[in-house]
Each structure stands twice: as structure tokens, then as C-alpha cells.
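Colleague: Okay, here's what each chain looks like letter by letter:
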Amino acid sequence: MSTATTSSSATRVGVPATTSSRATKVLGWLTLAGFAVLVALAFAWVPEDTRITEQGDVVGQFDAVRLMFVHVPSAILAYTGFGLTFLASLAYLRWRTDWWDMMAHSSAEIGVVFGVLTLVTGSIWGRPTWQTWWEWGDVRQVTALVMVLVFIGYLAVRRIPAEAAVKARRSAVIALVGAVNIVIVNRSVDWWENRTLHQQSTLFARKIRDETLFTLSFSFAVGMVLFAWLLLHRFRTAYLESQIEELEVQEALEERRAEADGADHGREQP
Amino acid sequence: MGTAVFRDAWLIAGKDLRVEMRSRVGLNQIVPFAVTVLVLFAFALDTDQEALRTYAPGLFWVTVLLAALLAIGRSFAVDLADGASDRLLLSGIDPIAVFGGKALAVAVQLVVLEVLLGAGVVLLFDVTVHRYGLLVCAGLAAAAGVATAGTLYGALVAGLGVSETLLPVLLLPVVAPVLIGATRAFQDAFGVAGAEGWAWLGLLAGFAAIYGVFGALSYGALLEEA
Amino acid sequence: MGTAVFRDAWLIAGKDLRVEMRSRVGLNQIVPFAVTVLVLFAFALDTDQEALRTYAPGLFWVTVLLAALLAIGRSFAVDLADGASDRLLLSGIDPIAVFGGKALAVAVQLVVLEVLLGAGVVLLFDVTVHRYGLLVCAGLAAAAGVATAGTLYGALVAGLGVSETLLPVLLLPVVAPVLIGATRAFQDAFGVAGAEGWAWLGLLAGFAAIYGVFGALSYGALLEEA
Amino acid sequence: MTLLGRFPALTGVDLDISPGETVLLKGPNGAGKTTLLRLCAGLCSLASGQGWVLGHDLSEERRMVRRRVALLGHRTGLYDDLTVAENVGFWAQAAGASHQDVDEALERLSLAGRLADTRVGRLSAGQRRRASIASLVVRRPELWLLDEPHAGLDQQSRDTVDSLVRGAAAAGATVVLATHELERIAVLEPRVVSVVGGMVRSGGGDSEGDAPTDGDRRVS
Amino acid sequence: MTLLGRFPALTGVDLDISPGETVLLKGPNGAGKTTLLRLCAGLCSLASGQGWVLGHDLSEERRMVRRRVALLGHRTGLYDDLTVAENVGFWAQAAGASHQDVDEALERLSLAGRLADTRVGRLSAGQRRRASIASLVVRRPELWLLDEPHAGLDQQSRDTVDSLVRGAAAAGATVVLATHELERIAVLEPRVVSVVGGMVRSGGGDSEGDAPTDGDRRVS
Ligand code: HEM
Ligand SMILES: Nc1ncnc2c1ncn2[C@@H]1O[C@H](COP(=O)(O)OP(=O)(O)OP(=O)(O)O)[C@@H](O)[C@H]1O
Ligand SMILES: Nc1ncnc2c1ncn2[C@@H]1O[C@H](COP(=O)(O)OP(=O)(O)OP(=O)(O)O)[C@@H](O)[C@H]1O
Ligand SMILES: [Mg+2]
Ligand SMILES: [Mg+2]
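Residue numbers (my numbering), protein chains in the order written: chain A, 3 to 272; chain B, 471 to 696; chain C, 471 to 696; chain D, 6 to 225; chain E, 6 to 225.
Any given hint could turn out to be false.
Result set (SDA-like, lysine to any residue): computed pairs, CA atoms no more than 25 Å apart in a straight line [what the hints assert, rightly or not]:
| no. | chain 1 | residue 1 | chain 2 | residue 2 |
| --- | --- | --- | --- | --- |
| 1 | A | Lys169 | B | Leu550 |
| 2 | A | Lys169 | D | Arg71 |
| 3 | A | Lys169 | E | Thr88 |
| 4 | A | Lys169 | E | Leu87 |
| 5 | A | Lys27 | A | Phe222 |
| 6 | A | Lys169 | B | Ala551 |
| 7 | A | Lys169 | B | Gly682 |
| 8 | A | Lys169 | B | Leu630 |
Taking CB as the label site, the calculated pair distances span [what the hints assert, rightly or not]:
| no. | chain 1 | residue 1 | chain 2 | residue 2 | range |
| --- | --- | --- | --- | --- | --- |
| 9 | D | Arg189 | E | Leu193 | 15 to 23 Å |
| 10 | C | Glu520 | B | Val606 | 27 to 35 Å |
| 11 | A | Val41 | B | Ala547 | 49 to 57 Å |
| 12 | A | Trp193 | B | Phe684 | 17 to 25 Å |
| 13 | C | Arg477 | A | Ala25 | 55 to 63 Å |
In case anyone wonders, no lab produced these hints; they're calculated from the structure. C-beta atoms are modelled at their ideal positions from N, C-alpha and C, and glycine is treated no differently.
Chain A extracted, bound-state conformation:
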């Protein structure tokens, strides 16, 4: 993580050079433990997906169904990240504090990571089940891709070396528009029922087995802990970065003041 690169300059000036704290350690271990349990549940407890048709053929997704426990929580976490970005951007536009700006930035980055993970796991899953890595006819896949692209664009704006306030304000507006995608992606399967291979809301319609449902719910819980853990770290990284920036500004300020004094004493002003 970027903590490593920032630590040297941070310690130099006495800011805690780490993004971890007791809370993050607890969250970290919880994530690890939860993940271990999840793997166990997913592979040992949840049966593979098979159904026997009336003709007696065995159909289903077999082992591939276990991808669900990564794919679905990733999607939810991507929503969470972008949703949080939306809220934080609104808050930024209202109160104009760096805190909200950093929150928006941090959660968008995490959102993109999980968005990409959703796309990747979806593709991998699609290979055995739909016989294709990518299906343009599937609205959810496509809208999910658009959503991720919008936020990649958002991050591109954030990376431009421009005045902090300008950048914060402009990216906040982009996030407001971009967050509309969450709704579109979520509702896409229902709006365009006939244009999708993708699962519609199976989860709460109780169309799946109890073991699967439990494991899936468990994976959500693990995902949320993971999200909180990442967000804490990412936010603190952003905070440390801003501190370093602040210190750089202070340093530059001193240099600049020295420039002023030097000119006063040294140089003859006409």
C-alpha cells in the first residue's frame, strides 16, 4: 500500500507513519477469519449446483456456483463504494470540508476495485455457464461496465494536478451524475427482462437453497468488514497524504518567507 512510500516523509515530521490502529487490526483479523470460514462453507458445506431434469439429465452450474460468494458481494461492495462517494460528494458540496472530499475519493477507489472484481468474476463465471466471457446482450454486464468506466473517469480527474478545491468540486459533480448508474445497474435486469442472461433477484425470492443463502449472507458480512477495513486504511492514507501536503506547504511557506526576508535585507529595492 502507499503507506510504505509515505511513511518516510511522515515520520520525519512526526505524523504517525501508519494507517493501522487497533480498530483496523481487529477488522483485518476478522476479515481473514471470516474469509477462511467463507472458503470452508463455500467448498465444504454448499453443495454443487445440480438439477435433474424430467428427462433425467443432470444440469446446473456445478462447482461454478461457488463463484457467487465472491461475485455477488463484490457487486454489493461496488455499490456501497459508489453510494458512499455520492453521499460524501453531496456533503462536500454542502460543507466544503476536506474530510468529505477524502471520503469521496477513498470510497470511489474501493468501489472501482470491487467493480472490476465484479466484472472479472462475472466473466469467469460466464465462461462455464453462458459459454462466453462477455455477452454484450446482457444489460447488467454492460451497465455495470459503464458504471465502472464512469468512476474510472472520476479517478482520472482526481489524478490531474490541479488546484485542490477545483478538483474536489468538479469531481463531486461527476460523482453525483455517476451514482445514478447504481440504480440503473441494479434495476437493469428488471427493466430489460428480455434482454438479459443475468440472474434477476434470486436472492430474496428464496429460489435458492438454504445453505447457499446462508453462505451468501455470510459473504456479505465478510465483505462489509473487508470494506470497512479497506476504507479505514484508504481514508487514513488520504489523510496522511493531505498532512504531507500540508507540511510541504508549510515548508514552502517558510522558504517563501525567507525569500521575502532575504529580499528585505539583501537586495537593494529601487
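Got chain A sorted already, so can you dock chains B, C, D and E with the ligands onto it with the hints?
Modeller: Same frame as chain A, but now just chains B, C, D and E with the ligands:
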């Protein structure tokens, strides 16, 4: 404020269009660019006449979007070139008027482009128009949608130093609904697929309305530099 | 003159690439732009998976060309922004070196783009690669062709005030052979059509060679402004 | 403090400008004169500290400031493809000025006749700068912010600028002006303020400048 | 005659510059000073008439002229995204100069230290202009063409430019310089040439300028 906003929007639109008329970028370059892109598509699709006819609406709109990127980029580049954008900020003109004026100028250019390019598509791709009303309405609504969203995003990236390349990245995903809606509406109008043209037109109009309102409201905040 | 030309070409290419690295336009914007265009095509082609697979090579190359326009435009915009182009004229650097250096820098950017975008096409359009050698050679030859022709035309329009829109009009028809050749070569490499890939590769290499030589020879005359 | 990127362009400002006053900013390159002028115009923001211009808080009411000032910056704010008359006319209309104002301004800056119908992109450096000044004159602002107004101008135009500044001051407008050509401006007997390394010091002998007499015209 | 578009920017030129001479071009805005300097640099062409610079025919051998001159124009010729040191370094390498030349030039224009590592896009107007001068100094040209070299510079940098011109002249280089700040340059005792409405007249008392003594240094 009422009439002053309209007067100022008109002033801005007039200025933008006049600059475009003088530099003749639109007529001399964006249109040929668009036609060339269409021809490239014909090559890329392996000059399969049947495929071309089927995909004509989609290719038409992709081309319009790409040309729109150029028009929007120029609209802001002209202001930024020598600090006129700063002066607009200092002019006391209501940001809503600036937004409206710039969007109007872009929309006018897009409509002209659509007409010329539409003629090109009809000739090159050998399509026949079945429903003129739908065609015209969809063309206008899509132009309005692209112009409003484009002006909003143009302002978002203006002055960030790398706007000519940043604009496409941000704008294209956002106007994807326009692309889809307009393509479907045109498919219906051309009779190449039985899409529900008027329903898609509704989408286009809604898009333009939403971005018009959102753009007008947020433009002030955007322009409030630094 | 021998080594001096190479040294100077290297100097120019290094400068151009360094400016690009600093502004990060390539990585942060042109690549996402290209990916977005690919997605747009998918929409435009009505999300017909079979058609997409067939047309993947063509769409890939159309996208590369559009992204190349941005890269070339920027390469010259950077020089023109504050009169560095005049100073290049006065520097005494052999025009051949300027041409070579700028073309090299563009080619490097294009190759990076092709690699990233190629990965995108393979994944998104679900194609499989049959002949890697052909793919790599065609990619390199096409990049060289687009870069040489692009640099020549970039210089042609540079400083005419409206280059960002003029360049596409002039360049796209010229590089149509690259589009066709590279598309066919890729179709062969992807196994979607039985084109004679290596023959088309010959076309690409020939194109690059011709424009390389022609560009190098005529660049001096082009630069000799006014 | 005003940051440009991460650079503290202005570090400490203690300036107090009474209405109708003519203030001369002097200081070496990079001192922060341009930034200070942009700050006064409401185009830069204060990262810390506070300031008022024409009675408006620079942190809160920048929009109010903006419409009352005219800023002649390093860039001219003109459209290359429009003629001088069109450019000046556009900015005049934007400010609600009349056609007659436009003609007067063009006359004043010796831009009437052939030059008025020349595209700005084809002007020489000095002519262009004059056109920029003309497009500001039509605004009749309350606060003039002039960044090196003489740069690139010939002798006659320099005199025009001087008389313009004198006229504005006589009409009660406030003028803040940054220049390296101090001699030139001496005849106007301005209050001299020096900017060095981002620090602004009221100098030039009138020490009463240090005691803010009029709270709402203070920039800090 | 030199046309810019369809505008005859230079209509009649009769100028004769001996090597090592310092020539001051003066004249109102739009007279054609910039165009004349660009013509001497080989960046404009002669529609009619003929001219020689440093022994080269301006109609035929502009390429030969170009590599022997350094032109400081209204634009700076620098890359915004590169630092001052990188910019000066690039132009130095292009001219075959050494690292040491770069350091010297930066030192000379007070650009060493923090400023050397600042991107040019972030400089103030005067700093930028100084960087531009530094990138020309490394070339050690035979003919200096300076278009308003003092514009935007502070007092110290103006002195630097003056000493630079003096140094170049002393080293045998030719200097042609256009400026509106005539007083500034008076100490250098240049030959004054006035340009008005595209006509160039050798003035300033030395009437021998009218009789071309040295055919191959004539610009017409
Ligand atoms: C790249 C391809 C894919 C993408 C981008 C994608 C995207 C998504 C997204 C965004 C969600 C969250 C939906 C919501 O609740 O709003 C989701 C849920 C889900 N996906 Fe995918 N998916 C892909 C492929 C697949 C495949 C191949 C399968 C299995 C055959 C699959 C099965 C599911 C299931 C079962 C859910 C939970 C459904 C629900 O209850 O809403 N997905 N997917
Ligand atoms: N965009 C920017 N980013 C970072 N620093 C900047 C930027 N613009 C200017 N600076 C720095 O801010 C300082 C003040 O610049 P400013 O333009 O206000 O100076 P100035 O007094 O007007 O100088 P000059 O007389 O050269 O015009 C300079 O040191 C400059 O390097
Ligand atoms: N691109 C152009 N097209 C047409 N006319 C031009 C162009 N550039 C300059 N001119 C005209 O040529 C004339 C000479 O311009 P030039 O820039 O040489 O003047 P100058 O003496 O340098 O003036 P200044 O002191 O203002 O810099 C001016 O009248 C100007 O209007
Ligand atoms: Mg300044
Ligand atoms: Mg000039």
C-alpha cells in the same frame, strides 16, 4: 432576472456561433471528419451491404457523438485560449445563461451536422426512411441531450490542462443512453428493426431535460473557480 | 550527419515522451477513451455477440485510429502551445530527426495502447488468438504506419489554428489502407475469416516504409514555414 | 494565504485600500503581484486568513466582487477569430454597455478604422493589448486591477493608459496596478505597496496605511 | 515586402547591419518590428525584394540563417509540462551545448535552485520569460534577435538582460533588439532604427546607414 438570462444566453450562443462561423471548423472540418468516420466504418465492417444497412443507425450515432466531442471541446477551447473564460466569470453574466448559451450553440451545430450526415448515411448505406416525424424528433432530442450533457462535462474538464482527451472519457459513458435511445428510434424510423421508436424518444427527451436542469443548476458551482 | 540525426531523433522522442509522461494524458485518458469507444461500438452494433466477434478486428483498428488522432494531435499541440515549434525550426536540428523522433514517440504510445486495448478486445469480444506472430507483427507494422503518416499530416496541419479538427479529415482517408490491412491481418490471426494475413502484413510494412521515407524526405520542406 | 497548487503564492497580506486611491504594486518577478490582483478580482481563493474588497468578504462573497471589477491580466481575454469591434462589442453587451461606449473606447485606444475590423488574431502584440484595454473600458468598473498595463505598448498608448488611470481615479474609481516600470507611474503619485516573496507591505512613506481605518476594505 | 496573410506587414526595408553592431528597432505598435525580427530569423518570407542576413540570402538560404540566430519572441518556446532545467537542457542539447552551459545560464538568469525544478507552466510571467532567455543563452548565437527583451522583467533581470546584450556585443555577436523602453537601452548606445507603418528607416544620426557599404548584410 428572467429576460436578462435569456438575453445573455442569446449573447453567448451568438458569440460561440459567430466564432465557429469565422473559423469554419464546423463546416470545413467536423462534417468531413464525420463523413470519413462513416466511410471507415464501411471498411471496418468489411463493406457488407446488408450489415451496413442494419447497423446504419448505430454507426450514424457513434459518428455524431465523436463529432460532438470535437464541437464541445472547441467550444471551451475558444474561451480558454486567451483567458476569456476568466473574463466571463468576471462579467457578472448568470452562469445559467452561460450554460444555456453554450449548450444552444453546440446543439445548433449538432443539428446541422445531423442533417448533413443523415443525408450521407441515406446515400452511402442505402437506407430508406419510413417515419419522418420520429426521425426529426429523435434527432432534435438527441442533439439537445448531447449538447446539455456535453456542455456540463465540457465545463467540468475545461482548464484542467488536458481537456481534449479527458472529455471523451467522461462524456461518452454518460451519453451512452442517448446513443442507445437514438439508435433504437432511428432503427424504427428506418424500419430496420421493430423498436418502439416513440418510447425511446421519450428517453431521449427525458435525458435532455434532466441534464438541462442539472447542468443549469450546477453550472454556477462549477464555474466558481478556485 | 549519420549519428547526429539519430542522436537528435532520440532527443526529440525523449522530450515528447517525457511531456506525455508528465501530463499522463496517455495512460489516464487515451486508454480509457479507447475502451469507452469499444463499448460504444458494442452498443451501436446492437449487442449482437456474433457480429461483434466478426467485426472485432475492424472495430479494434477503428478505435486505435481514433485514439491515434488524439495522440498525434497532442504531440503537435505541445510544440505549438507556446512557440516551441518555431524554435525547433531555428534549432538547426535536421528535419529528418524531428520527423523520426516525433514518429517514434507516437509509435511507442500506439504500441502501448494496442497492447492494452487488445487485451480488452480479447476479453470483451470473446475472440481467441490463433496466430500470435502475425498479431504482433501486424500490430507493430500498423503502429509504425499510423505514426509515420500521422506525424507527416500532423505537421501539415500544425499551426493552421484548427488542427484538432483538421487532422482527422486529412489523416483518416490516408490511413484507410492501414485500417483495411491491419483488420484483415487480425481477422486471420483471430481466425474469424480466412484472409491472407501475411500478405496484408506486407501491405502494412510497405505503407510504413513508404510514409517513413516520404515523411523524412518531405518534412524539411513542410517545416520551412511561410 | 493563497495557494497556487501547493505553492504559497501569497503568504501574508496586510493591505488597506481606500476608495478612489491609486495603489502601485511593485516587487520582483514571482513576488505575487499577479496573484494578489487575481485574489482581489475573486479569481483566487484564500486558504487561510481573510480579506475584503469593496466591502465584500473574499472568502464568502467572491461572486459579488467579481462583477464590480475589471482585471487586465497577462492574457487578453479576447477571441482570436472575432474582430476588434466584435470583441469589444461582446464584452460591452455582456456588461450592459451601449454601442456608443464601444465606439468611444475604440477611439480612445486608437483602434477605430481599419483595426476595428481586423481579427484579433492578426494584431501585433501591442495592438492586441490595447484591444483588451478597450474591452475593459466599456465596463466602467468600480475597481480597476491592472497587471503591467504598459507592457508592450508604444509611447502614445502608454500616455493613453496613464490618462485612463487618472480619469478613473478622478471619477472616484479605485485603481490597483502592478508594474515594473515605476518611473512611468511616478507622475500619478500613487501609494506604493511592495510585494516580496508573497508578503505584502504597505510602503512608500505613508505609514497610516498600517492602521486599518476602514474595516471593510482590508485584504489580509 | 513581407505579407502576413494578405496584410503587407513590411512594405519597404532599407537596413544595413554590420557585425557586432547593436541595433535598436523603435516604432509604434503594429509598425512591423516583430515581423522584421522574424524575417531576419528566416521565419517569414519576402514576397518581393531581397535581403541578406549574416551573408545568407533571405529568399534562398533561410535554413542557413536559422541555425545561426536566437530569437526571443513574444512567445517563450517552452514546454509547460517540463521543468525549467529540463526545458533549458532540451534546447541546450538541441544546440549541442553542455550541461555546464545549462547551469551557467540558469545561474545567470537567477533560475537556479527551486525554480530550476519547477514546471514552466507554474512560473510567473517574468520568471517564464527569464527561462526563455536562459534557453537561448545556451545557444551562443551569432545573431541575437530580441523582441521586447525587458517586457515583464523586474529591475534586476532587466540589468541582467542589459549585461547579456553588452556581453554578446563585446564577444562580437550582432544584436538586433526591438523595444518600447528606449531610455533603458540608451546606456548601450545602440544605433537606433525606426520602423513606422512597415517602412524601416535608419535613423539616430548615423546617416551612413543609407548607403549600403557592405552588400551582403542588406535587408530590403
Ligand atoms: C461480467 C459479467 C457480470 C457482471 C458485470 C455482473 C454484475 C452483477 C452485479 C452488478 C450484480 C449485483 C446486482 C444487484 O443486486 O443489483 C450481480 C449479481 C448477481 N450475479 Fe452477476 N454479473 C456478471 C455475470 C454473472 C454470471 C455469469 C452469473 C451466473 C451465472 C451471475 C450471477 C449473479 C447472481 C446470482 C447475482 C445475485 C442476483 C441478485 O440477487 O440480485 N453474474 N451481478
Ligand atoms: N499555477 C501555479 N502553480 C504553482 N505556482 C505558481 C503558479 N502560478 C504562479 N506560481 C508561483 O507563484 C508565485 C507568484 O506568481 P505571480 O504570477 O503572482 O508573480 P508576479 O509577482 O506577478 O510576477 P511577475 O512580475 O513575473 O509577473 C511565483 O513564484 C510563481 O512561481
Ligand atoms: N497573422 C497576421 N495576419 C495579418 N496581419 C498581421 C498578422 N500579424 C501581424 N499583422 C499585422 O502586421 C503589422 C505588424 O505587426 P508586428 O507584430 O510586426 O508589429 P510590431 O511592430 O511588433 O508591434 P508591437 O509593438 O505591437 O509588438 C500589424 O499592423 C499587424 O496588424
Ligand atoms: Mg505577474
Ligand atoms: Mg511586436
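Colleague: Has the hinted range 17 to 25 Å been met by the Cβ atoms of Trp193 (chain A) and Phe684 (chain B)?
Modeller: holds (21 Å)
Colleague: Measure nothing beyond the straight line between the CA atoms of Lys27 (chain A) and Phe222 (chain A); if it is 25 Å or shorter, mark the hint as holding.
Modeller: holds (20 Å)
Colleague: Between Glu520 (chain C) and Val606 (chain B), does the beta-carbon spacing fit 27 to 35 Å?
Modeller: At 33 Å between Cβs, range holds.
Colleague: Compare the distance between the alpha carbons of Lys169 (chain A) and Leu87 (chain E) with 25 Å, and conclude whether the hinted pair is satisfied.
Modeller: Measuring from Cα to Cα gives roughly 22 Å; hence the hint holds.
Colleague: When you check the alpha-carbon spacing of Lys169 (chain A) and Leu550 (chain B), does it fall within 25 Å?
Modeller: This hinted pair holds, its Cα atoms lying about 17 Å apart.
Colleague: Lys169 (chain A) and Thr88 (chain E) were given as a pair; does the straight-line alpha-carbon distance stay at or below 25 Å?
Modeller: Answer holds: Lys169 (chain A) to Thr88 (chain E) is near 23 Å, not above 25 Å.
Colleague: 49 to 57 Å was suggested as the range; check whether the CB atoms of Val41 (chain A) and Ala547 (chain B) agree with it.
Modeller: Once the Cβ atoms are compared, 54 Å apart, the range 49 to 57 Å for Ala547 (chain B) and Val41 (chain A) holds.
Colleague: Per the hint of 55 to 63 Å, is the separation of the Cβ atoms of Arg477 (chain C) and Ala25 (chain A) within bounds?
Modeller: Holds, at about 58 Å.
Colleague: Are the Cα atoms of Lys169 (chain A) and Ala551 (chain B) separated by 25 Å or less?
Modeller: holds (20 Å)
Colleague: Is it true that Arg189 (chain D) and Leu193 (chain E) lie within 15 to 23 Å of each other by Cβ?
Modeller: For Arg189 (chain D) and Leu193 (chain E) the Cβ distance comes to about 20 Å; the hint holds.
Colleague: Regarding the pair Lys169 (chain A) and Leu630 (chain B), is the alpha-carbon distance no greater than 25 Å?
Modeller: holds (9 Å)
Colleague: Holds or violated: Lys169 (chain A) with Arg71 (chain D), Cα cutoff 25 Å?
Modeller: Judged against 25 Å, a Cα distance of about 21 Å means the pair holds.
Hint check: no violations occur; every hint is consistent with the structure.
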